[in-house]
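S.K.: Sequence:
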Amino acid sequence: MYRIALTGAISGLLFGFDTAVINGALLSLRSHFALTEFQVEVAASSLLYGCLFGAMGAGTLSDRYGRRSILRLSGLLFLMSAIFAAVPHTIAEFLVARFVGGLGIGLASTIAPLYLAEVSPREKRGSIVTLNQTAIVSGILVAYCTNWALSFTGEVAWRWMFGSAALPAVAFIVCLRFVPESPRWLLQQHRGPEADAALYTIGGDAHRAETLAEISEAIAQEVPAPGWLRRMRRPLVLAIVVAALQQMTGINTVLYYGSMLFVAHGNSGTDERAFAANVLIGVTNLVFTLVALAVMDRIDRRFLLGGSAAVMLVALLLLVFEFQRAHASFVLIVASTMLYVAAFATGLGPGAWVYIAEIFPTNIRGRAMSIGTTVLWGSCILVSNSFLTLIRALSAAGAFAVYAGICAVAVVFFFRLPETRGRSLEEIERSWEV
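Residues 274 to 707 (this note's numbering) make up the sequence shown, in order.
Treat the hints as calculated values from the structure; they're not laboratory data. Because the structure is a prediction, the values reported are computed rather than measured. Glycine included, each C-beta is placed from N, C-alpha and C at the ideal position. One thing to keep in mind: the hints can contain errors.
[What the hints assert, rightly or not] Derived DEER-like restraints, expressed as beta-carbon distance ranges:
id, residue 1, residue 2, range
1, Gln312, Tyr338, 30 to 38 Å
2, Glu545, Ser668, 19 to 27 Å
3, Arg703, Gln597, 44 to 52 Å
4, Arg506, Glu310, 39 to 47 Å
5, Glu487, Thr426, 40 to 48 Å
6, Gly678, Gly330, 45 to 53 Å
7, Tyr338, Ser602, 34 to 42 Å
Kindly generate the complete structure, drawing on both the sequences and the hints.
M.R.: Shown next, in the form of structure tokens:
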């Protein structure tokens, strides 16, 4: 389990770093390529289109070739993106490199939590899947610190920012050689001896005996794949809505555009001060994800998600109030943003990934989770591509008022979710038949 957790952590670190490094790189990248505001939005979201297509194919590929094999493919894509995003001569070359990195993130963001959920004991599943989210926000913080440290080096800073992701990409590929394939997937493929060995590696004899019988029974009762959409309609709808709400509440406006937001609307005064504020927000993100790691398996999923969304709503209303003032306070804007990020990190950030990874049966889990993750990345693209336009049309206060309205809807929805904490994946699967 330590090797598995470490491998998932490196995957999450790459995910977080690659998505957040654009935050600081945009300022020097915009200057280097003389980008228009529209081109800045395209540069920020090019990775996300790769995420979308990667997530769309992740489920089918992982159901056919295995969870570990597709994670290895994502590692290769991470490595290629890190190298080629650091050395482009044109903006088109940069966009292609970022798209390739997005394919890696799309695969990893779908398969890593799914894989961790399938190999984790039920009493530790929430914590282990949340560890992946902890690594993601650690990657975000590393990206912010890197951006800040390199912000004094001039226009070439962005090349070093992107290229530095090559080292963890190599480490991820190497680590995957030392973890087992998902035993649930192996049993689905009628590879019993390998599944038996994988379960022993994960938890020893007692875990192997108990889990092997439970998985085998569940697989024997599963409806063949062609009928899964009708049977799993309810959990699929829940996964889609949870995934969409995680992004539509606006979190990535802060993660991707934080520096520009603080400079243009937050009275930061200097780029360096905006970078420093980003580091503070990154630390907040990490600290409260560690809180989530401690409480994920102690608090019901729906209360964690609903409570998180409620605090996010309060923080967004504070941001709306401050942005509409003629002389907005930089300190209050940063403090409200920290509250918003803290609430997301404690509940909705990791909780959405845990919930989506839990609610589908083995034989269609990859494809079903791929649908949920595709919706998540599609929602992320919608938010990222519309944020600057929304600010132009409604002002910063108006833009965050829209996200506050969506957050209010999320609060009501999350408190009505079926509970999954403390139940095995097979017990959750049987609950949809009731």
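S.K.: For each hint, tell me whether it holds in the structure or not.
M.R.: Structure-based check of each hint:
In this structure, Gln312 and Tyr338 meet the distance hint of 30 to 38 Å, their C-beta atoms being roughly 37 Å apart. Separation of Glu545 from Ser668 is about 26 Å and conforms to the stated range, judged on CB atoms against 19 to 27 Å. About 51 Å separates the C-beta atoms of Arg703 and Gln597, a value consistent with the hinted range of 44 to 52 Å. Taking the beta carbon of each, Arg506 and Glu310 are about 42 Å apart, inside 39 to 47 Å as hinted.
A hinted range of 40 to 48 Å is violated for the C-beta pair Glu487 and Thr426, which are about 55 Å apart. Remark: the range hint 45 to 53 Å for Gly678 to Gly330 is contradicted by a beta-carbon distance near 33 Å. A hinted range of 34 to 42 Å is violated for the C-beta pair Tyr338 and Ser602, which are about 53 Å apart.
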